[in-house]
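Q: This is what each chain is made of:
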Amino acid sequence: MKKVVQLFDKVDYVFFFVAKIAVLIMMFITTADAVMRYLFNQALVGAYHFSEKYLMVIIVFFSLSYVMKMKGHISIDLFIKYLPKKLVKVLDMFYTLLAAILMFFIGYQAMMMTQEAYVNHYVATGIISWPTWLSWIWVPIGAYLFTLRLLFIFLQLLFNFNQVETEEDRVTE
Amino acid sequence: MTIAIPMFLLLVLLATGMPIAFSMGIAGAVGLLFIGGTDLFLGIIQTTPYDSVAVFLFTTIPMFILMAELMTASDMTKDIFNASNKWMGHLPGGLGIATVFAGAGLGAVSGSSTASAATLATSAVPEMKKYGYKSHFAMGVSSISGTLAIMIPPSIVLILYGILTDTGVGSLLIAGIIPGIITAIGYVITILYWVKRDPSVAPKIPQKVPLNERLQSIKPIWPVLILMSVVIGGIYAGIVTATEAGALGAFATFVIALLMRKLKVKGISKALNNTLRSTAMIMLIIIGAMIFGYFLTATQVTQKMIGFIGDSGMSKWVVLSIVIILYLILGVFMDQVAILILTLPLTFPLIVSLGFNPIWFGIIVTKTAEIGLVTPPVGMNVFVASGAAGIDTAVAFKGVTRFVVTDLIILLILILFPFISTWLPSMMLGS
Amino acid sequence: LVACGHSEPTQKEEASEGESKEAASQGETIKIKIADSFPNSHTISKYATLPWIDRIEELGEGKIEVEYYPAEQLGKADSLLDVAKNKVADITYVGPLYVSDTMPLSGVVGNPGLVKDAISGTKAYNKLVHEDLYEVELKPHGVKPLWAAALNPYQIVNSKHPVKEIKDFKGLKIRTSGGLQEQLMQNWGVTPVSVPAPEIYTAWDRGTLDGTLISLFSWPGYQIEKLAKYSTVNAKLSSFGVMYVVNEEVWESWPEEVRQAVEKASNEASDMMAQAIVDHENALMEEYKEQGVEFYELPEEELQKWDEELEPFNRKWAENLDAKGMPGTEILEKFTQYNEEFSK
Ligand code: NA
Ligand code: NA
Chain A
1 MKKVVQLFDK VDYVFFFVAK IAVLIMMFIT TADAVMRYLF NQALVGAYHF SEKYLMVIIV
61 FFSLSYVMKM KGHISIDLFI KYLPKKLVKV LDMFYTLLAA ILMFFIGYQA MMMTQEAYVN
121 HYVATGIISW PTWLSWIWVP IGAYLFTLRL LFIFLQLLFN FNQVETEEDR VTE
Chain B
1 MTIAIPMFLL LVLLATGMPI AFSMGIAGAV GLLFIGGTDL FLGIIQTTPY DSVAVFLFTT
61 IPMFILMAEL MTASDMTKDI FNASNKWMGH LPGGLGIATV FAGAGLGAVS GSSTASAATL
121 ATSAVPEMKK YGYKSHFAMG VSSISGTLAI MIPPSIVLIL YGILTDTGVG SLLIAGIIPG
181 IITAIGYVIT ILYWVKRDPS VAPKIPQKVP LNERLQSIKP IWPVLILMSV VIGGIYAGIV
241 TATEAGALGA FATFVIALLM RKLKVKGISK ALNNTLRSTA MIMLIIIGAM IFGYFLTATQ
301 VTQKMIGFIG DSGMSKWVVL SIVIILYLIL GVFMDQVAIL ILTLPLTFPL IVSLGFNPIW
361 FGIIVTKTAE IGLVTPPVGM NVFVASGAAG IDTAVAFKGV TRFVVTDLII LLILILFPFI
421 STWLPSMMLG S
Chain C
1 LVACGHSEPT QKEEASEGES KEAASQGETI KIKIADSFPN SHTISKYATL PWIDRIEELG
61 EGKIEVEYYP AEQLGKADSL LDVAKNKVAD ITYVGPLYVS DTMPLSGVVG NPGLVKDAIS
121 GTKAYNKLVH EDLYEVELKP HGVKPLWAAA LNPYQIVNSK HPVKEIKDFK GLKIRTSGGL
181 QEQLMQNWGV TPVSVPAPEI YTAWDRGTLD GTLISLFSWP GYQIEKLAKY STVNAKLSSF
241 GVMYVVNEEV WESWPEEVRQ AVEKASNEAS DMMAQAIVDH ENALMEEYKE QGVEFYELPE
301 EELQKWDEEL EPFNRKWAEN LDAKGMPGTE ILEKFTQYNE EFSK
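Chains as they are written, first to last, in this note's numbering: chain A, 1 to 173; chain B, 1 to 431; chain C, 1 to 344.
Chain A on its own, in the form it takes in the complex:
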């Protein structure tokens, strides 16, 4: 189990790394577009569309799962202090599973959209022809990755249910 999770973390980091690169690319092309327009009266064709429909989607969906590992999806910890520890653990498990189910449906529905766009060759035309499926595909990939992450967290919580909580395991943020 531990090895599987470690392997998954590595794979997940590859996607996260792609998102990091996407952030840098967005910074460069948006700046280049503005500066070229201002100085040379020449826009960087497609920068806007590429940032909006491709980079944004990659940045968000390729980082959702890894940010969960970083415990970055915040929750309210003010009240759970007053709840019995066992109950909090049970709720945690249950909630993680619920979230996994929701993410799975999101991934599945987005996969259907991607497939429809791919099969029918949907293209947004302009000076550049932008394939729609290449804008969508990051959603199912990211959502499925996130689903897996949540399932692993669920299983870890399940197997470690009777262990004494260590500082590392704390799920609160």
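Mixed in with the good hints, there may be bad ones.
Calculated cross-link-like contacts (lysine-lysine; reagent style BS3-like; alpha-carbon spacing at most 25 Å) [what the hints assert, rightly or not]:
1. B:Lys304 <-> C:Lys63
2. B:Lys266 <-> A:Lys69
3. B:Lys130 <-> B:Lys208
4. C:Lys264 <-> C:Lys85
5. A:Lys71 <-> B:Lys270
6. C:Lys76 <-> A:Lys53
7. C:Lys167 <-> C:Lys139
8. B:Lys316 <-> C:Lys46
Derived by calculation from the structure, the hints in this document are not laboratory data.
We have chain A already, so just place chains B and C with the ligands on it with the hints.
A: Showing chains B and C with the ligands alone in chain A's frame:
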């Protein structure tokens, strides 16, 4: 009934520790299944996640956060605090006042209040503790000074408001300048008053820093001044649109930091990690809020409520008061981004139809968002500052109480004198 | 409970059609959910959608109750086709230019040089949608058109100099919304700039833009009159299409009299909208003239020159679609022909 159950579910999920984004997504999904079956549920979740993300205006979120993170990674933010410290440290509560100034300075280059609060907490709190300041004072000042970042331009909240209401983003950003300065002054007065009433929270630091050393401290902040002019000047000179300003600001920070040899690969990598962490967190909350929002509109309860208020013949000031109180109450227990998405499509047309100025209303909403950022149980700035400083949230919540009172007074002033918000944009942009 | 539908009576019908038709004829009301992206104050909803909804309810004689979701309350403009397809709402607005990837043929309304004005353009587009586009492009998505309209074509509006010939475009920074517009402007020497709509005013005011392609009707939303100095009145740069569609399965589930009421109201809606747009724009133009905006006509021979320049763009557009196995040329020819017929 159909609306009560998911609403109640949302509150339970939030209170029992489910991440905010999932609480809203799950409660919304249950609500959609409840009122419209699987068709409605599957239909909404098919397009909502993508549609909420693939929005050009939202590129400002990662870009402005990246700019703030790059500044932190290259120690520029620390330099701001150091300089304010050298100049104001000897005053009563001086380190606190220095933190407010640093918060305003950071606010002028960063659009993210949480990034700002985290920076202040890491640099200012240890310094204050070193001189014997009380923890709740230090945490309160850091958390509240972070909120200046969403009033002083650039501001993610004002940009989001512009997106959701089709109000010009440029005018909104400029409108935040004077209210932001007034807010900072209000915080300084609060500190002075607090320290006068209870000197033990902030012991006096006897030695005054010599003038020479003070002047020296200004030197390292020139990059920050350049970045301020790049962002605001870039918009004003027409080089960039308000949306693109974040990317230009991040790029300028990147270049300056590299030239000064203050940024290494490791620093860049960490800045990118933090950028994605905040971006993914905010965007997932936006997706959850959109799902819950579609549930709310599908029940038509909110539309009917707003319609009822609109048709009731109440005076416009009564309606405005109801709306503002609603924002303050929501701000107590919900995330600011989620509140804007859920409410603005309904409150904005109502407020504008009553003849109120849309830019002014944007500033009022932002002020309530500032307050919401530091009130328990969901006080993002307090969460982040506590996390960064390693101090319990309860201590920080205690420390912000007085500042919340100040904020409420400033809110009242902004409501009563709309020209504070509208004068500058009308001067600069003629709108 | 989970099985219970998006709007109760309609769902029951899906469960058992016959039963519900009986129920309806016994005097039960049918709830129809209509969703679009226009805020209530928007000209399209004021002059077309809201009167149309009133008319549906009026013709329904108490048997139809419309629930209206304006302002993207059930989905973004780009996704409203999916909203109808997925039965999130029964009837939705579809902006062909927002779904140019899924419904490229319907986007012909946005091609330059075809629509001359809202009245003839609407008649032409409404006909094209019902007679030609329905089979090839709406039916596959499970939706059926109710009515369609075309707005007055976009004009070139700027604050630098009057654009009277094609060479006057050179060097201007013009906001476009992608697609053919962007290609055309680039070709005529313009620097096409992409700016989100809420930022048009500031970007123009600060000189990031010199102007925009826009129809008069959208001026108030962006305070264009405060910045614009020159505007053409008769250029045929591109038109904006409006379409309201209904989910086919939902449509089939409605009793005959409900369908008739919706159809009748819809047939009236498109002409009503075109006339209202033309009147409204004329009033706006008078108002803006007084505020000092210069409106000017392009002479007939110049317009012909523009048309000649535009022709290859349209041809290329059609050929691209032909190559993908879609009747691009056929649709282009029909739409050109309908426009000519109705503008005589
Ligand atoms: Na700011
Ligand atoms: Na709060």
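Q: All hints, please: hold or fail.
A: Quick rundown of the hints versus the structure:
no.: 1; hint: B:Lys304 <-> C:Lys63; result: 21 Å, holds
no.: 2; hint: B:Lys266 <-> A:Lys69; result: 20 Å, holds
no.: 3; hint: B:Lys130 <-> B:Lys208; result: 16 Å, holds
no.: 4; hint: C:Lys264 <-> C:Lys85; result: 23 Å, holds
no.: 5; hint: A:Lys71 <-> B:Lys270; result: 16 Å, holds
no.: 6; hint: C:Lys76 <-> A:Lys53; result: 15 Å, holds
no.: 7; hint: C:Lys167 <-> C:Lys139; result: 43 Å, violated
no.: 8; hint: B:Lys316 <-> C:Lys46; result: 24 Å, holds
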